Amino acid sequence: MTSLFRSSKQTSKVLGAMMREPANWHYGYALALKTGLQSGTLYPILMRLEERGWLETQWETPPPGGRPPRHMYRLTASGRAGAVTALAAARGKRVLKAAVAES
Amino acid sequence: MGAATKDSMLMRAMERAFEGIVSLWPADSRDWARAMQTEFHEMTGTRERLSWLSGGAMSLMAAWTQRLVFGKSKTAVAANPVKKPGVLAFALMAVAIASLALPGMWAGLASITKVWTPSRIGLPQGELATLAREGERNHDARLLAFVAMFSKPAEALRNADEAVALDPNLAWIYFEIRHHWPQAVENSETEFVDRMRKLEAAEPDNAVPYLAEAETYFEIAEPHLSPARLDEAAKEMEKNPAWLAAMQKALAAPRYESYAARRFDLVLSVMRERRMERPIDLMYAEAATPIPDLYNLRVFLVSSVLKGAETSAANGDIRGARKQYGDVILFSQRMRRVGSSSTIENLMALEFSRKAFESEAKTVSGIDSSGEAASASIAHDEIETELAAYRAAVRREWTSAATAAPSAFIIHLCTGIAVLFGLICLTAFVAYWCGLGGHAVWGRAVCRAARISPSVILPTLALFYVNYLPYHKAFWTVSSRDLGGVTWQLGGLLVQPVYFVSMNLSRTAIFFWTSIILVGAMAATLIVARMAVRNWSEHARA
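Chains A and B, in that order, are what the protein sequence lines are.
Take the first sequence: its position 79, counted from the start at 1, is 78 in numbering that gives the first Met the number 0, and no numbers get skipped.
Take the second sequence: its position 193, counted from the start at 1, is 192 in numbering that gives the first Met the number 0, and no numbers get skipped.
Rather than coming from a laboratory, the hints here were simulated on the basis of the structure.
Please note that the accuracy of each hint is not assured.
Said to hold, decoys possible - Listed next, the stretches of chain B that the computed footprint assigns to chain A, with coverage defined by at least 3 CB atoms under 8 Å from CB atoms of chain A:
| # | segment |
| --- | --- |
| 1 | 23 to 32 |
| 2 | 37 to 45 |
| 3 | 48 to 60 |
To be verified - Ranges of calculated distance between the beta carbons of each label pair, as one might list FRET restraints:
| # | chain 1 | residue 1 | chain 2 | residue 2 | range |
| --- | --- | --- | --- | --- | --- |
| 4 | B | 63 | A | 96 | 34 to 42 Å |
| 5 | B | 422 | A | 18 | 47 to 55 Å |
| 6 | A | 96 | B | 50 | 26 to 34 Å |
| 7 | B | 422 | A | 88 | 42 to 50 Å |
| 8 | A | 77 | B | 41 | 28 to 36 Å |
| 9 | B | 426 | A | 59 | 43 to 51 Å |
| 10 | A | 18 | B | 50 | 54 to 62 Å |
| 11 | A | 66 | B | 50 | 19 to 27 Å |
| 12 | A | 88 | B | 87 | 46 to 54 Å |
| 13 | B | 41 | A | 18 | 18 to 26 Å |
| 14 | A | 29 | B | 521 | 45 to 53 Å |
| 15 | B | 422 | A | 24 | 47 to 55 Å |
Being a predicted model, the structure only gives us computed values, none of them experimental.
By construction, the Cβ of each residue, glycine as well, lies at the ideal position given by its N, Cα and C atoms.
Make the full structure from the sequences, and use the hints.
Shown next as structure tokens:
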């Protein structure tokens with residue numbers, strides 16, 4: 000069961016980026032480019048998502064020749080469910096804010 | 000230097016910095032640091048890399064905040080479950096607790112903690128009340144006299160009266176509790192003089208009861224006397240016939256005993272009979288032994304008797320003058336009987352002797368009496384030498400106590416460590432059984448404390464016992480025959496660390512807090528060093 004999770008704007012960006020290809024593994028640098036977040040913001044978010052069980056991680060195997068293996072991230076099943084809820088809540092907030100701004 | 004060279008140097012510097020970040024990262028989540036490090040190599044631009052590097056530093060702070068507030072990551076905890084105290088910890092703790100039954104161990108620890116809190120010196124009132132009831136039930140005069148010496152004023156007087164009623168030979172106890180009198184009764188002077196008369200009747204050959212009676216009159220007049228004008232004080236007191244009579248009886252009495260030895264013997268024998276090993280209470284009871292008022296004695300001997308002798312000599316009554324000098328000298332010799340007088344009494348007695356011989360030498364030197372002036376002068380020189388030797392001996396005693404301070408310091412430090420880790424262990428066990436064992440942060444701390452404490456407590460208690468054992472033996476072998484030597488050693492070594500650390504300040508609480516701060520600083524240093532070493536060694540293994 001997905002517990003109530005109040006995600007920040009930055010966390011929503013990360014979840015949104017991963018939900019575009021939920022079944023794929025993502026690299027950290029790629030996520031930083033897609034979300035526009037600095038590493039100092041991105042990685043604490045990823046660490047917290049992993050603590051909550053929403054994220055699974057693994058090292059690249061086998062590592063391509065000439066460079067060290069990279070760390071990869073993918074949303075778990077509970078992570079995907081949680082991301083849907085969190086993104087819907089974030090969308091609803093934006094709509095409400097826009098409506099208030101127009102009025 | 001070309002741009003390419005600068006860039007490669009900068010790149011190497013940034014790589015080194017990232018390696019530093021990885022090495023400082025908490026061990027249980029270091030994979031994240033390595034993850035950031037490998038992504039670093041995917042970048043090309045210097046600015047991009049610098050931004051990634053600064054992000055790494057910020058993430059390092061976030062990782063440590065997470066670690067300190069919430070404990071290790073769940074995956075790390077799952078991979079490395081909490082190590083609970085094992086059989087060895089319980090066995091060590093059982094041995095440590097059993098060691099408290101060793102002769103002197105518990106008494107020693109209790110004594111040292113008493114030194115830290117001076118308000119606890121002396122026997123608890125509840126215990127004294129129990130002893131008093133037992134004394135009354137068993138008609139034990141000695142026990143009642145013992146209780147009187149430690150009781151509050153009203154109880155002290157009542158217990159003393161009961162003790163003396165059972166055994167009139169214990170009348171000296173009134174002199175021992177005299178400092179309570181002003182608080183004990185109204186018309187305390189009359190009550191005290193009545194009881195001193197009883198003591199005078201019981202011991203007519205002892206100078207001290209007469210001195211105690213005379214002091215009562217002296218203390219009434221003292222507020223109007225100036226300590227700097229002894230001659231005027233003497234003239235004023237000579238107008239009081241009761242004072243004069245009591246002091247002259249004291250001067251003529253063939254014996255001087257201020258009851259220090261009897262007091263010590265009584266306290267020590269009662270403590271030993273009842274297996275009450277209380278070296279601190281014994282020392283403080285000994286230190287609180289009253290002595291006659293030396294100001295009163297000085298006024299009488301120096302300003303009344305010796306001055307009177309000089310006047311007699313000036314008037315031609317040499318025989319009368321020499322008799323008075325002799326009276327003072329004999330009195331001083333009685334006062335100095337080794338083993339029964341305190342250091343200050345001995346010093347004052349030597350000083351009185353010296354003055355008497357000095358005055359006699361001056362008087363006799365003015366008359367044509369072969370040999371007498373010379374012998375008085377020789378006696379005066381001998382007393383001067385003896386006085387200097389006695390002062391040097393007292394200084395040596397102080398010095399020997401100071402050199403023994405390291406041993407006493409170890410005793411106090413070990414007590415502090417044992418008490419601190421005992422409290423930590425007890426708290427840890429209680430917290431664990433209250434269910435905190437499963438908590439992410441506190442569970443580990445609790446279990447670690449419960450594992451480590453027995454290993455610290457046992458060797459600390461062993462070190463304490465080895466250093467304290469001589470004083471335990473001294474308590475059971477000391478006697479009043481060597482009051483100055485052994486009792487000073489016992490007291491000096493148990494109390495000395497107060498002065499060792501606090502530089503002549505008398506508040507033992509300063510030493511207590513100093514040892515707590517020292518122990519705390521050592522513990523903090525050990526913990527930080529252990530964390531750093533573990534972090535580095537795990538990084539090196541990786």
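Quick rundown of the hints versus the structure:
Restraint check on the segment 23 to 32 of chain B versus chain A: 3 residues with Cβ-Cβ distances below 8 Å, three needed, restraint holds. With 5 residues bearing a CB less than 8 Å from a CB of chain A, the segment 37 to 45 of chain B meets the requirement of three and the coverage assertion stands. Here's how the segment 48 to 60 of chain B fares: 8 of its residues keep a CB closer than 8 Å to some CB of chain A, so the rule of at least three is met and the hint holds. Between residue 63 of chain B and residue 96 of chain A the beta carbon distance is about 35 Å. The supplied range of 34 to 42 Å therefore holds.
A beta carbon spacing of about 53 Å between residue 422 of chain B and residue 18 of chain A agrees with the range 47 to 55 Å that was offered as a hint. For the pair residue 96 of chain A and residue 50 of chain B, the beta carbons lie near 30 Å from each other, so the given range of 26 to 34 Å is met. For residue 422 of chain B and residue 88 of chain A, the Cβ-Cβ distance of about 49 Å falls inside the hinted range of 42 to 50 Å, so the restraint holds. Hint check: residue 77 of chain A to residue 41 of chain B, Cβ distance near 29 Å, so the stated range 28 to 36 Å holds.
The hint said 43 to 51 Å for the Cβ distance between residue 426 of chain B and residue 59 of chain A, and at roughly 47 Å that hint holds. Checked against the given bound of 54 to 62 Å, the beta carbons of residue 18 of chain A and residue 50 of chain B, roughly 26 Å apart, lie outside it. Roughly 21 Å separates the CB atoms of residue 66 of chain A and residue 50 of chain B, a value that falls within the hinted 19 to 27 Å. At about 53 Å, the beta-carbon gap between residue 88 of chain A and residue 87 of chain B stays in the expected band of 46 to 54 Å.
Range check, residue 41 of chain B to residue 18 of chain A: Cβ separation about 23 Å, and the 18 to 26 Å hint holds. With their beta carbons about 50 Å apart, residue 29 of chain A and residue 521 of chain B fall inside the hinted range of 45 to 53 Å. At about 52 Å, the beta-carbon gap between residue 422 of chain B and residue 24 of chain A stays in the expected band of 47 to 55 Å.
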